[in-house]
Amino acid sequence: MASPAKIGIVTVSDRASAGIYADEGGPAIVDYMTKALVSPWEAVSRIIPDEREGIARTLIELADAEGCCLIVTTGGTGPAPRDVTPEATEDVIDKPMPGFGELMRQVSLAKVPTAILSRQLAGIRGRTLIVNLPGRPRAIAECLDAVMPAIPYCIDLIEGPYLETDPAVVAAFRPGQKPKG
Amino acid sequence: MASPAKIGIVTVSDRASAGIYADEGGPAIVDYMTKALVSPWEAVSRIIPDEREGIARTLIELADAEGCCLIVTTGGTGPAPRDVTPEATEDVIDKPMPGFGELMRQVSLAKVPTAILSRQLAGIRGRTLIVNLPGRPRAIAECLDAVMPAIPYCIDLIEGPYLETDPAVVAAFRPGQKPKG
Amino acid sequence: MASPAKIGIVTVSDRASAGIYADEGGPAIVDYMTKALVSPWEAVSRIIPDEREGIARTLIELADAEGCCLIVTTGGTGPAPRDVTPEATEDVIDKPMPGFGELMRQVSLAKVPTAILSRQLAGIRGRTLIVNLPGRPRAIAECLDAVMPAIPYCIDLIEGPYLETDPAVVAAFRPGQKPKG
Chain E
80 MASPAKIGIV TVSDRASAGI YADEGGPAIV DYMTKALVSP WEAVSRIIPD EREGIARTLI
140 ELADAEGCCL IVTTGGTGPA PRDVTPEATE DVIDKPMPGF GELMRQVSLA KVPTAILSRQ
200 LAGIRGRTLI VNLPGRPRAI AECLDAVMPA IPYCIDLIEG PYLETDPAVV AAFRPGQKPK
260 G
Chain C
80 MASPAKIGIV TVSDRASAGI YADEGGPAIV DYMTKALVSP WEAVSRIIPD EREGIARTLI
140 ELADAEGCCL IVTTGGTGPA PRDVTPEATE DVIDKPMPGF GELMRQVSLA KVPTAILSRQ
200 LAGIRGRTLI VNLPGRPRAI AECLDAVMPA IPYCIDLIEG PYLETDPAVV AAFRPGQKPK
260 G
Chain Y
80 MASPAKIGIV TVSDRASAGI YADEGGPAIV DYMTKALVSP WEAVSRIIPD EREGIARTLI
140 ELADAEGCCL IVTTGGTGPA PRDVTPEATE DVIDKPMPGF GELMRQVSLA KVPTAILSRQ
200 LAGIRGRTLI VNLPGRPRAI AECLDAVMPA IPYCIDLIEG PYLETDPAVV AAFRPGQKPK
260 G
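Residue numbers (the numbering used here), protein chains in the order written: chain E, 80 to 260; chain C, 80 to 260; chain Y, 80 to 260.
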């Protein structure tokens with residue numbers, strides 16, 4: 080039996096990393112993945128401050144040393160001076176995946192006009208897909224609902240583990256085969 | 080009482096800057112802001128040719144020396160050889176704000192299929208939000224109707240002045256508080 | 080009478096270029112253009128492997144030496160390690176045209192959730208518009224249906240030949256004039 084797929088979950092927040100308040104984004108992602116995935120997986124979690132170099136270093140560690148097939152970040156994607164998660168992500172990816180940010184902004188825009196202020200992006204580093212998510216738990220779930228159906232096939236294409244979802248939660252789509260169910 | 084918020088309005092046009100025809104884009108933006116904003120503001124206007132370095136210099140001057148919290152440009156965003164406003168904007172911003180261009184193209188696309196030819200972008204330079212608008216007055220208003228609701232909160236986040244809008248014209252949205260009214 | 084407009088059609092595929100299977104994307108584009116265009120044109124076709132430098136060289140040759148007003152590529156836009164068509168396109172364009180990729184992903188997304196995995200982009204090199212299309216013939220037609228109405232006017236703006244379409248197939252739009260019919 081294959082070893083479980085590793086998923087990196089990176090909370091980027093000065094205050095959460097300093098213990099000033101509790102990390103809500105990271106646990107929201109763990110909850111989501113627990114419900115969505117039926118194939119074996121394990122979380123590799125980090126809580127780090129809004130520092131471009133430190134974020135980049137963490138993404139590289141989770142991709143290259145830990146071998147995560149997927150890394151999701153939460154926080155640091157707005158326009159404020161300390162928001163540098165997209166820049167750090169850009170620094171470490173080989174290939175941008177512009178469709179993720181476009182779709183996440185589009186679904187958030189149906190809820191709030193300030194969705195256009197989110198600078199979320201995604202990209203590929205080697206065999207790892209990295210996706211920026213927003214900071215608020217409700218917005219995290221909305222964004223994952225939108226992009227998660229495409230993620231297992233994306234990970235197939237970059238030669239990662241075969242992720243299976245619970246079709247009642249996320250209808251993962253793989254072209255050329257019927258949705259799992 | 081706070082000094083009025085400065086808004087840079089940059090018309091980029093070889094012909095308007097040479098006096099060959101009247102600038103229509105700049106006055107259309109002034110009219111729009113006059114109707115939309117109820118907090119004190121003043122326009123800092125420029126009319127300049129389609130030259131990448133000159134546009135970049137003007138944006139830097141309005142952001143760094145004049146202290147504008149918002150700069151809007153009009154013109155120079157198409158595919159023609161002289162259209163270089165997005166390149167000049169890219170040259171001076173620290174952070175791209177991809178959601179603005181995506182949304183403006185989307186609303187324009189509901190009107191004309193050539194909306195995809197617009198290369199409008201937006202980004203942050205220090206404490207200044209810079210937004211490219213199209214050249215035609217009608218398209219300017221359509222684009223501002225789409226993005227203006229998010230602009231006051233964006234300027235809050237980059238530590239600029241508190242902009243208040245007339246909710247009958249623009250329903251500015253700030254998360255965590257009810258729309259002003 | 081003007082010489083026919085040259086349109087570059089570049090199939091990017093390791094297997095098609097090695098003769099392992101037949102190129103389907105290139106002929107699908109030729110068929111589409113044959114139906115869509117009523118003004119004289121000729122195809123300049125290439126089938127090449129998924130190599131970034133070779134793709135870039137081919138795009139330059141078709142733009143600068145062949146004088147194509149439009150180059151469309153098919154294949155190599157996904158997240159897989161060998162998919163480098165967008166990177167090669169980025170290497171040779173002067174100006175990005177982000178609206179093309181955004182719209183193509185949006186129309187494909189109405190069909191399949193994995194449309195966000197497409198990294199298609201477009202841009203201008205001198206007097207040539209370069210547009211990445213997907214690999215599958217059905218997806219090619221969907222994407223061309225979406226972007227083709229804007230292409231003749233784009234080519235006018237970069238001082239290329241006047242392309243006329245069959246309005247029953249593609250309703251080319253030129254601002255300030257009624258659709259041809």
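To be clear, the hints were calculated from the coordinates, so they are not data collected in a lab. Hints should not be assumed to be uniformly reliable.
Pairs involving identical chains hold if they fit within one copy or between any two copies, as the list cannot separate such chains.
[Unchecked claim] Below, in silico cross-link-like pairs of lysine-lysine (DSBU-like), each with a Cα-Cα straight-line distance of 35 Å or less:
1. 114 / 85
2. 85 / 190
3. 190 / 114
4. 85 / 174
5. 190 / 174
Those earlier numbered hints the structure runs against, lowest number first: Failing hints: none at all.
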